[in-house]
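Required output: the full structure, derived from the provided sequences and hints.
Read top to bottom, the protein sequences are chains A and B. Reading the first sequence from the start, the letters are residues 15 to 208 in the working numbering. Reading the second sequence from the start, the letters are residues 1315 to 1548 in the working numbering.
Check the hints yourself; a few may be wrong.
Far from chain A by the CB rule (all over 10 angstroms, computed), these chain B residues [stated by the list, open to error]:
| no. | residue |
| --- | --- |
| 1 | H1359 |
| 2 | A1404 |
| 3 | E1433 |
| 4 | S1508 |
So the derived label-pair ranges between C-beta atoms look like this [said to hold, decoys possible]:
| no. | chain 1 | residue 1 | chain 2 | residue 2 | range |
| --- | --- | --- | --- | --- | --- |
| 5 | B | D1541 | A | G204 | 27 to 33 angstroms |
| 6 | A | N186 | B | T1344 | 46 to 52 angstroms |
| 7 | A | K128 | B | D1481 | 22 to 28 angstroms |
| 8 | B | K1407 | A | G184 | 20 to 26 angstroms |
| 9 | B | E1405 | A | D79 | 25 to 31 angstroms |
| 10 | A | A43 | B | K1331 | 50 to 56 angstroms |
| 11 | B | N1525 | A | E208 | 39 to 45 angstroms |
| 12 | B | G1546 | A | K56 | 52 to 58 angstroms |
| 13 | A | E151 | B | F1528 | 50 to 56 angstroms |
| 14 | B | N1540 | A | L28 | 37 to 43 angstroms |
| 15 | B | S1468 | A | G204 | 42 to 48 angstroms |
| 16 | B | T1420 | A | N26 | 28 to 34 angstroms |
| 17 | B | K1454 | A | E208 | 52 to 58 angstroms |
Derived by calculation from the structure, the hints in this document are not laboratory data. Quantities reported herein were computed from a predicted structural model and do not represent experimental measurements. Glycine included, C-beta positions come from ideal geometry on N, C-alpha and C.
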Amino acid sequence: MKALILNGEELNGLSLNHISENIKEELIAGEFEVEEILLKEKEIADCLGCFDCWVKTPGICIIDDFGREAAAELINSDLTVFLTPVVFGSYSYQLKKALDRMIPLISPYFKKVKGEIHHKKRYSKYPSILAVGILKEENEVQSQIFKELVERNCINFHSAYFEAEVFEAGDNFDKKQLINAVKVISKKVGEKNE
Amino acid sequence: MNEFKRAILLIGSPKGKKSSSASLGTYLLTKIKKYDIAAETVHLHTEISTETKRIKFLEKIDEADYIILAAPLYVDTMPAKVIKALSLIAENKEKFNQDNADSGKTKSFTVIVNCGFPEAEQNKTALKVYEQFAEEAGFKYLGGVAIGMGGAVSGKSLAEMGGMAEDLIKGLDQAADDIVRNHRLSDSVIEKTSKPMISQKWLYTLVGNLNWRFQAFQNGVYSKINDKPYRGKK
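What follows is the structure, given as structure tokens:
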């Protein structure tokens, strides 16, 4: 099984390296082959909103930068980890610039999912998602919004499973809870792959 | 009384003037101008790209009384560039708040979010995110307008859209009044602007699906529209 960690730490922001290392160790113990992308080190332009990835170069973004590679890595993983500072209850700029470039992975065509219209799958299989949000201090409202956002993403990314947890950085960081979240999602992904 | 007040419209779509966000935001801003409010528009994708531009952008925010953002829904929340712009504002909030305290003014923030899906409700998580931004920046949050079927606007002027945009126009007219009065957006704004522009959802999706096919055909890639270029690629 393959896991991809999209590390969305901000330029000059809090380092998420130790959290990423904890996730990586647990995933490797769960028999995942792990790849990490530190997004702030990669050249990924903002999505142009042109939809050419649907109607000109189907499945491939017209911008030729690392965004293409990130999309290829994501679709070929069994589990993708969104590791990010929580910004207004949402993702960091670094993570979001990559996620906005994942649109080529889905089809332009519409279909109904649980009473709502969404885009169809382009691929037969999509990764499950583990979202790990980091807050400088506790914020229950933003934690809830973050989890709701991840749940919405799972519908649009056709993910079979997701887990979303928000942690406080610094002394209050709950490593046990993080390890538990990794274990829960790893088990689900593992069972699905059997 | 309002002659010294300023409104700033932030366009969060990379498509700039050709976007649905620009159509919707510009319509609202035009209505606000009728209350003798000075107004200007900033395209976030081009106007925060250098340090000089960022300083200028923050000066414009500092001078504004009414901040309005019109943006598309990207992956259930704000587009990346909008996160960058709003983070920049929030990081400088101490300066704005201090200025506001001196002048006795409070900046308001209102957002218009549009998505290509038929259901306006699909914007609701994003609206919660925008409200958190307003709180962090110390702005008075007046509320958010959620619009579905954004594909039906696609950069057109609302006035040219005829009956299809009737409710939307009425809702935005009322929104302008609420914003200028510094009131939370009224229920009628939310109700009118969230109404589907095309009453039959199936018709919107049918036309949408045909439109994708047509564009792919025009570009000579009709047979490739379902391609899976990254399948099995490491």
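**Asked** Of the hints given before, which are not true for this structure?
**Response** Checked against the structure, the hints that fail are numbers 1, 2, 3 and 12, while the rest are satisfied.
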